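Letter by letter, the chains look like this.
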Amino acid sequence: MSSEETRKDRQSDSRGEERPLDRERKVAEALAAYVDRHAGEETVDIDEFCKARPELEEELRPLLESLNAMDGSSFPFQPGPEGEPGEKLPERLSGHKILGQIGAGGMGRVLLGYDDRLGRKVAIKILNRRYRENEPVRQRFMQEARALAHISHPNIVRIFSLGQPEEAPHFVMELVEGASLVEAGRPLTLRQKAALIQKVALAVDFLHQHQILHRDLKPTNILVSADLEPKILDFGLAQQLESDGRRVTRPGEIMGTPDYFSPEHTVPGSRFDPRSDVFSLGTVLYEVLTGSLPFHAESFAEQVRRIREEVPILPRRRNPDVPGELQDICLKALEKKPENRYASAGEMANDLERYLAGEKVHAVPTAYASLITGKIEQHIQDLEGWRRDEILSQYEFDGFRKSYNRLIEREDAWILEARRLTLPQVTLYLGAWILTVGTALLFLFQFIRLPGKIAVVLVMGVAGLTFWSGQRIWKRGQLRIGIAFLLTFCLLLPIALLLTMIEAHIAAVPSPHKKWELLGNVEEPYRAATNAQLWWAILLTLPACGWLRRFTHSSVFSLMIAVMGVALSLVTLLRLGWLEFAKNDPGWFYFRILPVAAIFFISAFAIERLGFFNDSRYFYPVAVVLTLMALSGLAAEHHPYREWLERNLAWTRGQIEYLFIANAGIYFALQAVCDRFPSAQMRAVAKAFRFVIPGHILTSLFLLWFHAYDRWQDELGDLVRKREARTFEILLPIVACLFIFSSIRKQMKNFFVSGMIFLAIGIITWQVDLFERQSRWPILLLILGSLLMVGATRYSAIKLAVSRLFRGRA
Amino acid sequence: MDFRTSTYDLVERFKRGDAEAFSLVFQKYQRRLAMLVHYKMSPELRSVAEVDDILQEVFLAASRDMNQFTYQSPGSLMAWLSRIADHVIVDAARYQNREKRRAEELLRFRSKSNPEGPEPVDSETPSRLFAREEGVQILLRKLDELPGEYREMILLAKFEGLTTKEISERVGKSRESVALLLHRALKRFRELEARIPSK
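Taken in sequence, the protein lines are chains A and B.
Under our numbering, the first sequence has 116 at position 84, and the numbering climbs by one with no breaks.
Under our numbering, the second sequence has 42 at position 40, and the numbering climbs by one with no breaks.
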């Protein structure tokens with residue numbers, strides 16, 4: 033509508049006569065003059081202004097009046113009568129003699145009072161005269177007093193009395209004498225500083241417990257007496273959590289000090305909670321430790337940006353004497369997201385106490401992870417560049433990335449924390465382990481004095497308790513301890529379920545054959561369980577592990593899932609009669625592991641494809657181990673296999689060493705296949721398969737030689753036996769050399785090392801047999817060794833000469 | 003002219019460390035700035051943030067950075083505050099957008115799952131001096147009724163406190179047309195006054 037109407041206005045104006053337009057110009061000019069003078073902050077009297085332009089007054093005056101009316105005389109906070117600074121101090125307040133003024137702020141002043149009756153000095157906070165008639169401000173002022181009056185804590189300033197309504201609004205409080213925290217902290221040791229902040233944190237926690245947020249914690253609001261007792265004061269911004277929810281904004285007064293603001297503090301209209309005070313405490317701790325502010329900047333905007341976005345310079349960088357534990361505590365309190373901070377000031381105090389007791393603190397600031405991640409991501413990019421430039425091999429690159437990934441697994445805080453073993457940590461896991469073993473005993477044995485039902489209740493109770501406390505502790509931010517509890521729960525759960533099923537006769541269906549049962553045939557005092565019960569107990573535990581993985585983001589539960597998965601697969605095999613095979617036909621027993629291994633490979637690959645790299649990396653090793661187990665078992669125990677070999681390849685005499693060599697062939701094929709997959713974890717699997725090849729082949733060759741030599745020694749005249757022994761004797765060092773050189777291609781160090789070892793063994797066997805008592809063999813070796821070394825030194829020159837030689841001939 | 007409360011004097015007093023001087027600056031400019039802030043805020047931002055909060059932030063920034071302010075002319079403090087307000091508003095809008103994505107994450111407070119937690123703070127917005135005052139509401143309604151061009155003139159002249167020359171530079175019109183526009187804007191405002199009673 034606006035532009036159209038404006039146009040219409042203009043049209044009507046232009047259509048008007050000369051005079052009105054002229055007149056309008058004049059009025060507009062006068063108006064402009066008025067506005068300009070007003071912009072110069074001049075107080076212009078309308079009467080006088082109009083008198084100077086009598087011919088325009090009729091039109092001008094109402095316009096100017098409208099303009100002035102916009103100021104709104106009804107606005108509640110017009111500056112009151114001036115002269116506040118010079119305002120005389122009252123003689124007495126609440127019966128206290130006023131001795132002078134201690135301090136002044138935007139809203140009130142703090143006076144020094146003297147109580148004649150008790151003979152003590154007090155501090156009296158009084159509201160400035162300007163605000164006395166202002167009900168909301170008065171209300172807020174007295175609210176502060178009332179909030180404080182409700183609590184009594186040695187480290188919080190005490191309130192003695194509230195002023196009477198007939199006097200100027202004021203309240204009488206304890207007079208605190210001391211220096212500000214930063215000043216008082218300067219000469220102290222780090223331990224003393226930590227102890228001081230711990231006291232402050234406890235006091236702040238006390239406030240929070242009484243539903244009061246301080247919201248303006250800063251060193252000048254924390255005074256420290258000569259005996260190092262801190263005292264929190266100035267609750268100018270304090271807000272009772274439990275009041276009617278109304279906050280009274282204080283006109284003209286700055287809310288808090290930006291230096292100690294929390295990120296949420298910098299957002300207009302944002303919510304505050306106890307963790308905002310925790311942040312301010314962190315800032316105070318930082319300043320006390322390092323002597324400088326964590327987020328100070330030249331301008332307010334920059335400071336706000338730093339508070340919201342930047343990780344402060346590490347305290348240890350500013351003061352190398354600051355121990356890592358205090359740095360952890362400080363950064364944990366200074367986390368940007370409230371949920372990453374200490375959940376309460378009390379927890380911060382507990383961590384400080386841990387530091388003072390010389391224990392490991394619980395704080396794990398995410399700041400480190402983001403610091404490390406930033407640097408590492410950059411470095412990984414560099415590494416990728418280097419690989420492209422062929423400074424690094426693919427294998428070196430994979431290795432680096434693997435170690436780096438271990439460092440930056442931010443979601444997996446557990447691993448980060450577990451990097452250092454400490455006494456409390458070891459004790460924690462020891463306790464968890466003993467608990468698990470104890471529960472297992474309750475399941476395994478029947479007890480005369482302990483009926484099964486009670487055992488169920490006991491085990492269920494313990495499991496439930498570990499779960500409940502685990503998730504509580506985890507939510508409170510003590511991730512490492514919480515996860516230990518939850519992990520214990522994962523171990524206790526199947527046992528508890530099993531015991532319940534046994535007692536309630538759930539899934540008590542026996543297997544088709546009695547022999548198939550693993551725990552079904554045990555006698556007293558053992559407790560019998562059917563395979564079906566075992567199976568269900570494990571199956572029902574799996575979703576719990578899965579949920580905990582999601583809940584905690586800790587990949588240690590993926591490990592649990594993998595382990596439970598193996599257990600479940602094996603019990604499935606049990607239900608299919610696996611146990612009988614173990615006794616009658618161990619070959620088939622091992623053969624049946626192969627499908628399980630395949631399932632694990634497929635699921636690991638699927639999980640990896642879905643992007644859960646931290647989960648898949650526990651499934652691959654399981655699959656590899658199962659494959660190796662199955663194939664080795666097959667080679668060692670499967671009689672038909674051996675018999676087939678003996679029948680069809682008589683020269684092998686059915687020796688299992690040949691089967692192991694065949695296994696090595698399978699591993700070679702597997703590693704070649706795995707290497708083609710575009711995934712780092714698959715490449716690691718390929719490497720694992722590759723890793724076992726030289727051991728298989730070289731050990732088998734050595735054993736084959738050993739057996740053949742043995743047989744030949746029994747009958748020295750037998751040429752066939754001699755030839756066989758000699759073949760292996762010659763083959764061993766040659767194959768060893770092959771391995772040594774093939775280590776180059778895929779950078780397999782173990783190819784190199786095992787090749788070297790078996791080469792040495794081969795050389796010795798040659799000396800013993802081929803060159804029996806002949807010195808030319810070692811001398812030949814000396815010459816060969818020297819030649820190789822010299823050749824290696826002059827490698828490129830020789831290579832060039834040889835290529836020239838060939839070209840010359842061509 | 004009252005020298006004690008002149009802007010220059012107040013600024014100098016504050017720079018010397020007089021906290022009360024700032025309080026006076028705050029009072030002096032609060033209402034004008036509130037009006038400006040109200041119209042500078044986008045409707046989306048207005049729905050999530052209060053003018054009061056923005057104001058508080060503006061004055062906080064001002065008190066923190068006052069040392070960087072140099073007094074040039076009587077209007078320069080207002081212009082400076084207005085620039086800070088622009089910055090705070092942009093910043094708040096950006097932050098709110100980000101917050102929206104993060105949604106509610108204050109889990110420590112009292113809820114069914116956490117009955118021992120403290121009561122949520124600021125569940126109701128604090129006393130809104132600006133919004134509560136009836137006079138302001140009427141003024142806003144009148145200003146809202148004005149065509150955009152007219153409203154801008156009044157905002158610039160009355161609330162931002164610019165001279166007509168500064169306005170003409172700002173909007174790219176001659177000083178004469180600015181004066182005329184302002185005149186018509188006020189005339190229209192008077193007409194509205196008849197329709198929307200002041201009290």
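No lab work stands behind these hints, which were simulated from the structure alone.
Do not rely on the hints blindly, as some may be mistaken.
To be verified - DSSO-like cross-link-like pairs, simulated, lysine-lysine; straight-line CA separation at most 30 Å:
(1) A/Lys120 <-> B/Lys30
(2) B/Lys189 <-> A/Lys83
(3) A/Lys250 <-> B/Lys30
(4) B/Lys42 <-> A/Lys120
(5) A/Lys485 <-> A/Lys369
(6) B/Lys167 <-> A/Lys83
(7) A/Lys547 <-> A/Lys392
(8) A/Lys58 <-> B/Lys17
(9) A/Lys368 <-> B/Lys42
(10) A/Lys250 <-> A/Lys369
(11) A/Lys250 <-> B/Lys17
Unchecked claim - Beyond 12 Å from chain B on every Cβ pair, some chain A residues (computed):
(12) Pro86
(13) Ala101
(14) Ala329
(15) Arg350
In this text, all values refer to a predicted model and were calculated from it rather than measured experimentally.
For each residue, glycine too, the CB sits at the ideal point set by N, CA and C.
Hints that the structure is at odds with (numbers, increasing): Hints 4, 5, 7, 8, 13, 14 contradicted; others consistent.
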